[in-house]
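Undergrad: Note that the protein sequences, when read in sequence, are chains Y and B.
Okay, so the first sequence: first residue is 234 according to the numbering used here, each after it adds one.
Okay, so the second sequence: first residue is 645 according to the numbering used here, each after it adds one.
No lab work stands behind these hints, which were simulated from the structure alone.
Possibly wrong hints are sitting among the right ones.
[Stated by the list, open to error] Keeping only pairs whose Cα atoms sit at most 27 Å apart, straight-line, the calculated DSSO-like set for lysine-lysine is: (1) B/K670 to Y/K306; (2) Y/K387 to B/K723; (3) Y/K306 to Y/K320; (4) B/K670 to Y/K276; (5) B/K658 to B/K720; (6) Y/K324 to Y/K571; (7) B/K720 to Y/K387; (8) Y/K276 to B/K723; (9) B/K723 to B/K670; (10) Y/K387 to Y/K289; (11) B/K658 to Y/K276; (12) B/K658 to B/K670; (13) B/K683 to B/K670.
Predicted, not measured: the structure shown is a model, and the values here were computed from it.
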Amino acid sequence: MGKTFAVKALERASGVTGLVPGQIVDAYPALYMSHTATWRCIKTWERMGEPELFDKDRIAMVMDHISPAQTSKIAGDHRLSREFRDKMGIKHFFDVNAGIAHVVLMEHGLVKPGDLIIGTDSHSTIYGALGALGTGVGFSEITAAWVTGKLWMKVPQSMKVIVQGPLPEGVYPKDVMLKLIGDLTADGATYYSVEFHGSWVESLSTSERMTLCNLAMEAGAKNAFVPPDAETMRYLAEHGVDLDTVEPLVSDPDAVFDRVIELDGTALEPQIAVPHNVDNVVPISQVVGTKVDQVFIGSCANAKYDDLAIAARYLKGNRIADGVRLVVTPASADIMAKAAADGIVTTLIQAGALITNPGCGACAGSGGAMADGEVTLSTANRNFRGRMGSYESSIYLSSPAVAAASAITGVITDPSRVLAPV
Amino acid sequence: MGELVPRYEGRCWKFPANIPTDALVKSRYVFDPMDEIVKHVLEDYNPRFPLEVQPGDIVVAGHHFGQSSGRAIAAKALKATGIGCVVSNAFSRTFFRNCFEIGLPSLEIPDATDIVEDGDHLVVDIAQGFFRNETSGVERHVAPASPFLLRMLAAGGLINLTQSDPDWASTANT
Chain Y
234 MGKTFAVKAL ERASGVTGLV PGQIVDAYPA LYMSHTATWR CIKTWERMGE PELFDKDRIA
294 MVMDHISPAQ TSKIAGDHRL SREFRDKMGI KHFFDVNAGI AHVVLMEHGL VKPGDLIIGT
354 DSHSTIYGAL GALGTGVGFS EITAAWVTGK LWMKVPQSMK VIVQGPLPEG VYPKDVMLKL
414 IGDLTADGAT YYSVEFHGSW VESLSTSERM TLCNLAMEAG AKNAFVPPDA ETMRYLAEHG
474 VDLDTVEPLV SDPDAVFDRV IELDGTALEP QIAVPHNVDN VVPISQVVGT KVDQVFIGSC
534 ANAKYDDLAI AARYLKGNRI ADGVRLVVTP ASADIMAKAA ADGIVTTLIQ AGALITNPGC
594 GACAGSGGAM ADGEVTLSTA NRNFRGRMGS YESSIYLSSP AVAAASAITG VITDPSRVLA
654 PV
Chain B
645 MGELVPRYEG RCWKFPANIP TDALVKSRYV FDPMDEIVKH VLEDYNPRFP LEVQPGDIVV
705 AGHHFGQSSG RAIAAKALKA TGIGCVVSNA FSRTFFRNCF EIGLPSLEIP DATDIVEDGD
765 HLVVDIAQGF FRNETSGVER HVAPASPFLL RMLAAGGLIN LTQSDPDWAS TANT
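When you get a sec, could you build the whole thing from the sequences and use the hints?
TA: Okay, structure coming up:
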């Protein structure tokens, strides 16, 4: 009987063969990521008596959730992290100017196919876009990994999602994922390794695959996975990875998948997650015309270069509606620099956008708060009540194309009505 | 390291599916002392629970128990009610990890809420993977918790285990 990717990756990371789903095993991750709350891990490490680190070069820290610091408390947290970096010689340290941890780590060649990567962020599933097994864990778990090098893992069952393409004009990977989350519900993939397959998935860029793997978490996935291919190798080489060191893992042809889901994207409408749960998904036609006060293009789900380019395509030569705030937060400094060089940033500013520094921004509650009764249309991955300001405000989730089109009209708008098919 | 007796016997408190961590610890009590927090655990689902729960009782909840925020205080608060263990058809992933992290015994029984009624008398052994409803006589056998997780429970979590037992590295993969 064949093995799934998740079984193979955990066998590699644990050195134990013959793993079966449900089994608990100690695994040695290739990378332990902690974000803005790195200070919590450091405090726990101090309470443990500052033990020796297992391998400081597997530690990655990214000051992304609240950047730059908004309070002296947060500035102190950042300083503690920098002091730890200097004291312990942590080389993979990215400060408040870098952007969102997940995207930054991939851009800096720290994520490789077949690696096990743990992070203090639930959306660590995103590393599956490069064929790695990424999963979110707690702060004390990261501290334990700093010291012992390992963490207990439950071997997951696997689910195969096959998507039929191509998608209609104005429909994007975000819409596919919202549809999938709506169908599966928020716990439909709990503890599963979710693999994306099919010719449409193979046609996607690494950036688009990040959107798939990032959002799989919202269906409860432990990790997500796109089989590495030529596009993966292209991305890795472009970001400084020595391809001779890469040993991808994929599921065997006869591997057992506990669920197989086929999703037809060829006639899909843009999808919207309506308040206040991510699995509360409807086709856009049901909510077209809903007034928005703010549009947020940001987050690790949809603020990559191609997402900004799509938004610019709709916004070029247009102006956002009176009374609408359009907040654009590029996922990383590299993405922002490229978008600036290509004129995308200028296009967005001329349309009326407020461009912020790269990072998590409004998605993590840092700026972009709403007053009572307000509505935000967001390209992020969560719309829980009170996540962006007032408990009496509402968040809708969409693709960058819907977000851009809706910023122009001031109401939720199908992008195909703003830009004729090309 | 404390001794862990992985067998629990007590009254069943039955709860529905999809209970979020916010129902275990509401946001407005998060920063209160535990003796205040514990008065409100699951009160929106059954106001009698925090008032009448007895040491050793067993919570049985439907699937996706502990969804939403991964805050560990939710599992701590449930443990602080004095229950012996928590059984669910399926835990949310972060809640499952947190149970072992903070020392709350847990067991998954895929049809748990189909085979119990509130008030039934239950016996659960997480080391044996054994579940018996003494009131109805229905039994289930599932995969037991791994010896490693049982040791972590007994130690009171991962950090304690790391500190109290320097040799643990050699044990988990056996």
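Undergrad: Each hint should be assessed against the structure and marked as holding or not.
TA: The hints, checked one at a time:
Between B/K670 and Y/K306 the CA atoms are separated by roughly 25 Å; this keeps the pair inside 27 Å, and the hint holds. For the hint pairing Y/K387 with B/K723, the CA-to-CA distance comes to about 23 Å; that is within 27 Å, so the pair holds. Using a Cα cut-off of 27 Å, the hinted pair Y/K306 and Y/K320 holds, with the two alpha carbons roughly 21 Å apart. Among the hinted pairs, B/K670 with Y/K276 is consistent with the structure: their alpha-carbon atoms are about 26 Å apart, no more than 27 Å.
Proposed proximity of B/K658 and B/K720 is supported: the alpha carbons are some 19 Å apart, at most 27 Å. A C-alpha spacing of about 25 Å is found between Y/K324 and Y/K571, which places the hinted pair at or below 27 Å, so the restraint holds. A threshold of 27 Å between alpha carbons decides the hint, and for B/K720 with Y/K387 the separation of about 22 Å falls inside it, so the pair holds. The hinted pair formed by Y/K276 and B/K723 meets the criterion: a straight-line CA distance of about 25 Å does not exceed 27 Å.
As the CA atoms of B/K723 and B/K670 are separated by approximately 16 Å, the hinted pair is consistent with the 27 Å bound. In summary, the hint linking Y/K387 to Y/K289 is supported, as the alpha carbons are separated by about 25 Å, within the 27 Å threshold. This hinted pair does not check out: B/K658 and Y/K276 have alpha carbons roughly 38 Å apart, beyond 27 Å. This hinted pair checks out: B/K658 and B/K670 have alpha carbons roughly 20 Å apart, not beyond 27 Å.
At most 27 Å may separate the alpha-carbon atoms for a hinted pair to count; B/K683 and B/K670 meet this at roughly 11 Å.
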